[in-house]
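From just these sequences and the hints, can you work out the full model?
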Amino acid sequence: MVEDGGEEEAEGDSGEMPAATAAPPLQRCNGFLPGKEAEDGGRAGGGERAEAEAMLSAAGGRVETRLSRRRLAVLAVFSSYSLVNAFQWIQYSILSNVFAVFYGVSFTQIDWLSMVYMVAYVPLILPATWLLDTRGLRLTALLGAGLNGLGAWLKCGSLAPGRYPLTLAAQAVCAVAQVFILGLPSRVASVWFGPTEVSTACAVAVLGNQLGTAIGFLLPPVLVPNTPNDIDLMAHNISIMFYGTAIVSTLLFFLTGVVFEEKPKYPPSHSQAVLQTVPPEDYSYKQSIINLFRNVPFVLLLISYGIMTGAFYSVSTLLNQMIVTHYEGEEVNAGRIGLTLVVAGMVGSIICGLWLDYTKTYKQTTLIVYILSFIGMVVFTFTLDLGYLTVVFVTGGVLGFFMTGYLPLGFEFAVEITYPESEGTSSGLLNASAQIFGIVFTLVQGKLTTDYSPRAGNLFLCAWIFVGIILTALIKSDLRRHNVNSGIVNLDVKAVSADSSTMIVLPYLSAWLLLA
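Under our numbering, the first residue of the sequence shown carries the number 2, and numbering increases by one thereafter.
None of these hints come from the bench; they were simulated from the model. A few of these clues could be false.
[Said to hold, decoys possible] Here are the simulated DSSO-like cross-link-like pairs (lysine-lysine), alpha carbons at most 27 Å apart as the crow flies: (1) K448 <-> K364; (2) K361 <-> K448; (3) K264 <-> K287; (4) K287 <-> K477.
For clarity, every value in this text was computed on a predicted model and none was experimentally measured.
If you want it as structure tokens, here you go:
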């Protein structure tokens, strides 16, 4: 493990600040804090400067902003166990016809092995985000990795026909693990990474989940071929998949315990430094939730994110049924098309993350990607039944590039417009919205696909994605975190409820401005 003494300093900005905070003096940029008049051409007078210096001296010692080398290990381990959790989500639905025969149940019951992830998330997200905000990142990470391993081992006990209830219970445990995983990418990125790499780090954290879905599309059809006339062989093949997943999950749980720490010794950015000036006892989770729902841009993003991600969940869950309807016996290619969709999305996620770190054009990028996802969905819908699998591979890849690439954009945009609220809370609410829309979309699209055709179900999704475009266009872009990191301070919403929190955060910001 890397000691903090060997950490690298953040690029460019490595200034001094009050104890437990880590930001160099912020630059005054054409303005001042609310209620504070600019004097002497933007400079504070001698008395004000002396007052600011006294405030900073009272804070104690001074430390520097630095980037911890451990951050890369934290990101790698988190992405890995998130990968395994996503793999366990999709491993049933991509083999829906195989598991329906093995357990002797209907396709709808197999679909519930995927939808249980969505159902479990909605009621548990508020307790999970409360735990993250009050008990910290390390405990939340250990719970996610531990429950993921427990669910994987329980599946090993369901390797016999007639044990569908046990495999459903095991999948429910994995679904609970997901609650402690999906909301962490933006939190891990913000706590451990600097302002010039935070969006890329969030994209990589989301990438792990996407890669797990991709492997879940590719590997299960290879490991478990459809052998309806030999149930014993089918059980043996399924056991290889289940035991392999359990062993990997257990290893990652122990790695999580070794690698994860609550936070680095030094804050990686100015915005994190400001948040660390607030004592934990002044934080109000209830007020944070209220603040988020009073934030109109966030509410619009909450709905639009839910629509887009819910549509992706629905397409992923029903992809096997859609492909097999038009291309009978092509289960393996259905998995490969799913792989193409997700891998293209992984590339899209990284490109979007790098682009955001470089340009900070959050709304513009989000809106463009949303529009292109809509176009991709329309093209996929009307080319699915042409009879050419090559065309489906191409259109699925285009759809995945934009639809899956949108996921980290939503996380990072939410953190920007809701700062200084908790990243875990905003991300958790976004994921809850996605799960709700995912459940509804999967049920409705599945019904339309079964009763009419895959085209009817896909057109249903197209209509909703168009609504999402309109909502995204209405979002006001107020990049609060970026403004703090850039020295453009204009905070009118606090991360904590008590008035005392305002008295804590604003004076330090004022002091940095006066000493600039």
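We went through each hint and held it up to the structure:
With a CA separation close to 34 Å, the supplied pair K448 and K364 exceeds the 27 Å bound. With a C-alpha separation of about 41 Å, the suggested pair K361 and K448 falls outside the 27 Å cut-off, and the hint is violated. As the CA atoms of K264 and K287 are separated by approximately 23 Å, the hinted pair is consistent with the 27 Å bound. Between K287 and K477, the direct Cα distance comes to roughly 24 Å. Compliance with the 27 Å bound is thereby established for this hinted pair.
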